[in-house]
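From just these sequences and the hints, can you work out the full model?
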Amino acid sequence: MSTELFHWTSELDVGIQEIDEQHKELVDLLNQLHVAIQEHHGSATSRQVLDKLADYTRTHFAVEESLMRVSNYPDFAAHKQNHEDLIAQVQALQEKLDSGQGAITFELLHFLKVWLTRHINEADKRFGAHFLAHGGASQWSEHVEEAMKKRKWWWKFW
551 MSTELFHWTS ELDVGIQEID EQHKELVDLL NQLHVAIQEH HGSATSRQVL
601 DKLADYTRTH FAVEESLMRV SNYPDFAAHK QNHEDLIAQV QALQEKLDSG
651 QGAITFELLH FLKVWLTRHI NEADKRFGAH FLAHGGASQW SEHVEEAMKK
701 RKWWWKFW
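Residue numbers (the numbering used here): 551 to 708.
Everything labelled a hint here was simulated from the structure, so no lab data went into it.
By construction, the Cβ of each residue, glycine as well, lies at the ideal position given by its N, Cα and C atoms.
Among the clues, some could well be false.
To be verified - Distance windows between CB atoms, simulated:
| id | residue 1 | residue 2 | range |
| --- | --- | --- | --- |
| 1 | 650 | 613 | 31 to 37 Å |
| 2 | 649 | 626 | 30 to 36 Å |
| 3 | 567 | 668 | 18 to 24 Å |
Said to hold, decoys possible - Below 20 Å or equal to it, Euclidean Cα-Cα: the simulated SDA-like pairs (lysine to any residue) are:
| id | residue 1 | residue 2 |
| --- | --- | --- |
| 4 | 574 | 666 |
| 5 | 663 | 635 |
| 6 | 675 | 615 |
| 7 | 675 | 613 |
| 8 | 663 | 607 |
| 9 | 646 | 593 |
| 10 | 602 | 646 |
| 11 | 675 | 556 |
| 12 | 646 | 601 |
| 13 | 602 | 578 |
| 14 | 663 | 558 |
| 15 | 574 | 599 |
| 16 | 602 | 639 |
| 17 | 630 | 642 |
| 18 | 675 | 617 |
| 19 | 574 | 612 |
| 20 | 602 | 664 |
| 21 | 663 | 561 |
| 22 | 602 | 554 |
| 23 | 663 | 557 |
| 24 | 602 | 633 |
| 25 | 646 | 661 |
| 26 | 675 | 632 |
| 27 | 602 | 570 |
Structure, rendered in structure tokens:
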């Protein structure tokens with residue numbers, strides 16, 4: 551069995567470097583959850599990774615929605631609703647896990663992978679095209695790029 555559930559390719563790039571980097575991190579967290587389940591690391595470990603994934607997803611959505619607001623994205627409300635729907639589904643799963651009525655399964659992983667792939671390829675790519683067409687920067691400044699090479703800045707949130 552492969553330890554990688556989701557392989558990132560440049561075909562998933564939306565053209566906004568920060569968003570693409572965050573998407574890569576989401577893929578990495580999905581792969582970590584896959585390994586935890588596949589290697590039977592236990593429900594506590596799987597739950598910790600799921601919680602990290604949920605927290606990071608909220609952070610990512612906040613960044614994406616901020617960029618949508620500043621670029622006056624016309625499909626903002628529908629895109630935000632997609633985000634809220636996923637967060638609600640994950641919260642419901644976390645509540646089931648807390649009450650002992652649910653489990654983190656390969657089916658859950660498949661659902662999250664399909665959701666993320668579809669969301670990136672459809673909604674996020676439309677937003678990326680809008681953002682870039684309306685003056686958004688596709689890449690970070692050289693100063694930020696250098697800082698990013700030194701360490702993954704988002705780990706300070708964990």
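For each hint, the structure was consulted:
Between residue 650 and residue 613 the Cβ separation comes to about 34 Å, which falls inside the hinted range of 31 to 37 Å. Roughly 35 Å separates the CB atoms of residue 649 and residue 626, a value that falls within the hinted 30 to 36 Å. Between residue 567 and residue 668 the CB atoms are about 22 Å apart, so this pair conforms to the stated range of 18 to 24 Å. With a C-alpha separation of about 11 Å, the suggested pair residue 574 and residue 666 falls inside the 20 Å cut-off, and the hint holds.
Note on residue 663 and residue 635: the hinted pairing holds, with a Cα-Cα distance of about 15 Å set against a maximum of 20 Å. Under the criterion of a C-alpha separation no larger than 20 Å, the hint pairing residue 675 with residue 615 is consistent with the structure, at around 14 Å. For the suggested pair residue 675 and residue 613, the alpha carbons sit about 15 Å apart, so the restraint of at most 20 Å is met. Under the criterion of a C-alpha separation no larger than 20 Å, the hint pairing residue 663 with residue 607 is consistent with the structure, at around 13 Å.
Under the criterion of a C-alpha separation no larger than 20 Å, the hint pairing residue 646 with residue 593 is consistent with the structure, at around 13 Å. For a cut-off of 20 Å, the pair hint linking residue 602 to residue 646 stands: about 17 Å separates their Cα positions. Restraint check for residue 675 and residue 556: the C-alpha separation of about 18 Å stays at or below 20 Å, so the hint holds. Only pairs whose Cα atoms come within 20 Å are accepted, and residue 646 paired with residue 601 is accepted, the gap being roughly 13 Å.
At most 20 Å may separate the alpha-carbon atoms for a hinted pair to count; residue 602 and residue 578 meet this at roughly 11 Å. The hinted pair formed by residue 663 and residue 558 meets the criterion: a straight-line CA distance of about 11 Å does not exceed 20 Å. The hinted pair formed by residue 574 and residue 599 meets the criterion: a straight-line CA distance of about 16 Å does not exceed 20 Å. Distance restraint check for residue 602 and residue 639: the Cα-Cα separation of roughly 15 Å lies within the 20 Å cut-off, and the hinted pair is therefore satisfied.
Taking the CA atoms of residue 630 and residue 642, the gap is about 18 Å. The hint holds against a cut of 20 Å. For the hint linking residue 675 to residue 617, the alpha-carbon distance of about 13 Å falls within 20 Å, and the restraint holds. Restraint check for residue 574 and residue 612: the C-alpha separation of about 16 Å stays at or below 20 Å, so the hint holds. Proximity of residue 602 to residue 664 is assessed by CA-CA distance (about 19 Å); at most 20 Å being required, the pair is judged to hold.
Distance hint between residue 663 and residue 561 is fulfilled; the C-alpha atoms sit about 15 Å from each other, no more than 20 Å. This hinted pair checks out: residue 602 and residue 554 have alpha carbons roughly 18 Å apart, not beyond 20 Å. The straight-line distance between the Cα atoms of residue 663 and residue 557 is roughly 10 Å, inside the 20 Å bound, and the hint therefore holds. Distance check on the hinted pair: residue 602 and residue 633 sit about 17 Å apart at the alpha-carbon level, within 20 Å; holds.
This hinted pair checks out: residue 646 and residue 661 have alpha carbons roughly 17 Å apart, not beyond 20 Å. Restraint check for residue 675 and residue 632: the C-alpha separation of about 14 Å stays at or below 20 Å, so the hint holds. Taking the CA atoms of residue 602 and residue 570, the gap is near 18 Å; set against the 20 Å cutoff, the hint holds.
The structure fails none of the hints (numbered hints given earlier).
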